[in-house]
Every structure is written in C-alpha cells, then in structure tokens.
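**Q** Listed here are the chains, written in short residue letters.
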Amino acid sequence: MQRLKILILVLLIQFPVISQITLDHYAEVGKTMMSNGVYSNVSTLVEARYGHLHIQGGALLSVINPQAGLINTITVGVGGEFQVKNFKMKMDGFYLWKPISENLRAYNGGIIVTSRFQHFGVKLGVNTRVYGLSKAATMKYHLSDAVSTALWEPVNLMYQFSYYQPLSTKCNLEVRITNYDKYMILQETNPMIMSRVDYAISPNMWLYAELYYMQAGLLNMRVNYFGYNGRGGLIWEL
Amino acid sequence: MGIIIKRISIVFSLVIGFIACTNITIDPSGYIYSTDKINTRFDQSEQWNSNHPFKKVVSLTENYQLLVAADSHVGPMHNLELFLDEAKKPENVAYVLVGDVVTGKAEDYMRLDSVLPKYEVKPGFIMVGNHDLYFDGWQSFYKLFGSSVYYFTVQTPSASDLYICLDSGNGTLGDKQLAWLKYVLATVRPNCRNCVIFTHVNFFRNRHTGSTNPLVTELEVLMDLFLESNVNMVLMGHDHERSLNQLGNTTYVTMDALLDGHPKASWVKLNVSGSKVGYEFEEVK
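Protein chains in written order, with this note's numbering: chain A, 5 to 242; chain B, 733 to 1017.
What the hints contain is simulated information worked out from the structure, not anything from laboratory work.
Some hints could be false.
Unchecked claim - Cβ pair distances, simulated, as ranges: (1) Thr941(B) to Phe121(A): 26 to 34 angstroms; (2) Ala31(A) to Pro760(B): 52 to 60 angstroms; (3) His146(A) to Ser1005(B): 17 to 25 angstroms; (4) Ser1005(B) to Thr26(A): 34 to 42 angstroms; (5) Thr941(B) to Ser23(A): 40 to 48 angstroms; (6) Thr757(B) to Gly125(A): 36 to 44 angstroms; (7) Thr48(A) to Thr767(B): 39 to 47 angstroms; (8) His784(B) to Ile10(A): 28 to 36 angstroms; (9) Leu27(A) to Glu1015(B): 57 to 65 angstroms; (10) Ser1005(B) to His29(A): 55 to 63 angstroms.
Said to hold, decoys possible - So these bits of chain A aren't anywhere near chain B, every CB distance computed over 10 angstroms: (11) Leu65; (12) Tyr135; (13) Val151; (14) Met198; (15) Ile205.
Every residue gets a Cβ at the ideal spot worked out from N, C-alpha and C, and that includes glycine.
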C-alpha cells in the first residue's frame, strides 16, 4: 500500500509537464454465479501522456452489492509507444490491487504489448498473481510464522483479439475475445466474449457501451453460463 | 460472414463425427454450448439427497485414514483396482474418487459398476468430474451413484469430521451449489473438528496446461469462504500432476491422475490425527 501511495504521488508530481490527459469514466452492472445478485460499480481511469510515454491510474468502486468494501480494485501503470519496422506498438506495465475481503487481497503485475491494424487489434501479455492474507486475517486466525500467508501463481498469459468495424464516421463496433479487462485478469483458459460500440460526440469525446459474456469451461469442458457485465462510459481527451 | 459460419460448422461437425467414429475419449460437443447445466444437476442431487440421508462413517479410533484418488478415466482400470484393493485394508475407513472416474461413456460406467461390488467392504464416495459428463455421462452417473453434491462425516470416539464433496464438472459450482456450500459451512462445520473439501477441478495454475480452472471471480469467493470457515484441506484432481498450495490454515492439494499408463500415477492417504489433517502420496507400483 505504501508503494502504491508513492506511485500515485509520482503521478501527481508529473502532472504539470504532461502534455495530454485522457479520462475514462464508466458505470457497470453485472451478475455472475458468485455475485449473489446484481452488482454495480463505477470507475475512473486517468491516462497522462508525455511524448511517447504515458502513465495511468484508476479505481473501481463498488456501488451495489460490493464483494468487500467501497474500493473494489486499484490500478496503476506506465507504458510507451515504439515502432518495430513498420509496426507501431505499445507496451504497458501495470499493477492491480484488489481487496477481495477484509481477510484476503489479490495483487497482480504484468506487461502487455498492443498492436493495432485497420480492422484487427491484438494485445498479448503476461501477468503474475499473488493472493495474500491481510494483517487483520493473520491476527484473527492466530496464524503462526510457519503458516503461508501468500499464494503465488507465477505466470499467466493475457490476450485480447479484437475485430473493429466502422458503422459510420462517428460510430465503431468492436468484437473481442479476451481473458482480461481493466480490473480483472482471468486465467488463460477462461476467455470472455465482449462487444463494444463507440460513438464520437465531439473530436475529443466518445461515449461507449460494452457487454461482456462469461462462460465457465469454454472450449475445454461442457460449458456453463457464468455471468455478464454491461458497461456505459465516457472517454474525454483534455 | 455467412459462408465463414457455414464453413466453421462443417469443420466442427466433421471433427465431432471423426471423434464419434474413433475411440477418442473426449467429447467436444459441449465446448461451446452445452445442455448439461450445473444448477439442474444440483437440483437433481438435492432431490436425491432428500431421500438418501448424508452418510456417517464410524471410526473406532481417534486417528484414521481415508484413501483418495482422482482421474482414473475408466475404460482401463488396472490402477483403479489396485486403489480399491488398497482401500479395503483395515486402516482405511472409506475411499473417495474425486472425479473423472470414467470417460463418460455408458459402457465405461457399466464396467466400473461391475467391479465396485467386490470392494463394498468400505464406504466409497464417487464424485463428478468434467470427463464423467462427456457423452451425456450424467445420466449414467445419476442412475448408478445418485447425487453429485453431498457431504459425509466421520465419527470418532470424541469428535466428528466433515467431508464435503462438490460438483465442479462444468468448471463452476454455480450459484445454487455455492449457496448450499455456504449453508453447510455455516451450520454443520461449527459442530465438526476438521473439515475437508473434495472438488474435481483444480484451483491454481502452477504450470501451463490446456485444462481449465474455475474463473478467478469464483476462486476469490471460495478461498475467502474456506479461510473464514477454517477448512483444513481442499483435495482436487483434473490437472493430472500433483501440486501443493497453502493459504492460511487451508492446504490445497492437487492430486496426480490414477489413470493407467500415467508415469506418476498415485493416490493420497489422508491421515487424520486429532485436529491435524495430513496427506501422503503413494505411487502406484
């Protein structure tokens, strides 16, 4: 948590020299087999660009039916654009912190490389995940020093394959298969299907709507519906 | 777009047709859409449970042992018979098969059913895995073994231990089974000394495999629940290769496959000694 505070502080100090800021606000509703009813969250993501580099940070807050408290997940990241021959690419490093409950935390770190073509987009990356017990849990369950308070999943593949179709000069459709989202990374064998529509309301402002559909065991066993997530948002380039 | 979908459908049908004509033991017909719903299976299991009370196994000693294995994938059943022979020994009070017991084919269910009576000297608890559901295997499972979601207790002279058997054959417990699990952990668990959970699909990816796991969203809920309920151990299969994880007081054990020809086929001896639950892998000789 201390490191997170330092990172946010660095982000704020850098603010005056940054040339462009992008805000991404959204609200979402969803339901899964585990959510005990419908949940709703809101998110704010800020990306600040300076030349070919950018830093980003965001928070997902639980509004209805929270799993833990108000803070659902916090993310920070840093990245840059580069070119390999004729291909423009983007590389991002990120860190996600999620208080699953009063007792349990999830920490994710990873790297993603993005490449975009006219109709197709590919994002590939890896992440590592640690589940850890909170200090409160260590005291509550009287855990001795010999007991492991963290569980590490070393490497997980992250992927996102998108198809983009312009519907008009202002409107775009995207269909995506992915195993991660802004605040959630599933295992590599658990893809989600997502569709998204973007609508430009001005040259620097877009509205968007996304719908995620999650299956358990897709392409692997006899699948079952797991959940959905619907989202409406606004992107604003300052 | 229509042509692409048509071509994909033809290729998919040819693959399924090919598999149906060969001896391949996977059934990809449910990989994109399946009528096999976990909530429906849970409802059927609850109905079965209402007519068949949860079993109580009696141990005459405080310390006792259960024999546990996963992924025998009958057809071939040499290793499974070795396991069942071992289970008959007096130190074992019961045995548990943690899913993927058969290939899912009706004839393999019949094969299993034909040998089980020889080993009925000890109570056996058979669970569903993803392979048991292939080829509409649930119909056979339900007919032969009944419920896929249940618990049993082992009663020692001074205490009772709780063993919960879950159905994760579709990669999720589903909302109904989760509610049942929460209820059992809230009402039965406090009266028991130890609690062990069996579920087929392994939770954690300690290595790269093509086999799937419950979604992260589900794992977060279950890990928190197990921590809160002071679950001693979770025993899983599915991955065919042993791995161990620990978080707080809960130990997560993924077992090797018992499958014939598996280079490290093994079973687990689950040792209970007072409030300690231990395990030991025993390789098939």
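**Q** Does 55 to 63 angstroms hold as the CB distance between Ser1005(B) and His29(A), or does it fail?
**A** 56 angstroms Cβ-Cβ, so the 55 to 63 angstroms window holds.
**Q** Starting from the hint 28 to 36 angstroms, judge whether the C-beta atoms of His784(B) and Ile10(A) obey it.
**A** 59 angstroms, violated
**Q** Indicate whether the distance between the beta carbons of Leu27(A) and Glu1015(B) respects the range 57 to 65 angstroms.
**A** 58 angstroms, holds
**Q** Should the hint that His146(A) and Ser1005(B) are 17 to 25 angstroms apart at their CB atoms be regarded as holding?
**A** Check passed, 20 angstroms falls within 17 to 25 angstroms.
**Q** Would you check whether the claim that Tyr135(A) is not at the interface survives, using Cβ distances to chain B and the 10 angstroms cut-off?
**A** At roughly 6 angstroms from the nearest Cβ of chain B, Tyr135(A) sits no farther out than 10 angstroms, so the non-interface label is violated.
**Q** Is it true that the C-beta distance of Thr757(B) to Gly125(A) lies inside 36 to 44 angstroms, as the hint says?
**A** This hint holds: roughly 38 angstroms between Cβ atoms.
**Q** Note whether the CB distance of Thr941(B) and Phe121(A) lies within 26 to 34 angstroms or breaks it.
**A** 31 angstroms, holds
**Q** Classify the label on Ile205(A) as holds or violated, using whether its beta-carbon is more than 10 angstroms from each beta-carbon of chain B.
**A** At roughly 29 angstroms from the nearest Cβ of chain B, Ile205(A) sits farther out than 10 angstroms, so the non-interface label holds.
**Q** Verify this label for me: Met198(A) is non-interface relative to chain B, using a Cβ-Cβ cutoff of 10 angstroms.
**A** Per Cβ check, Met198(A) is outside 10 angstroms of chain B; nearest 15 angstroms; holds.
**Q** Does the hinted range 52 to 60 angstroms hold for Ala31(A) and Pro760(B) at CB?
**A** Roughly 38 angstroms apart at Cβ, these two residues miss the hinted range, so it is violated.
**Q** Holds or violated: 40 to 48 angstroms for the Cβ distance of Thr941(B) and Ser23(A)?
**A** Distance hint for Thr941(B), Ser23(A) holds at roughly 45 angstroms.
**Q** Leu65(A) clear of chain B by more than 10 angstroms, beta carbon to beta carbon?
**A** With a cut-off of 10 angstroms, Leu65(A) remains clear of chain B, as the shortest Cβ separation is near 17 angstroms.
In terms of the numbered hints stated before, the structure departs from hints 2, 4, 8, 12, 13, listed from lowest to highest.
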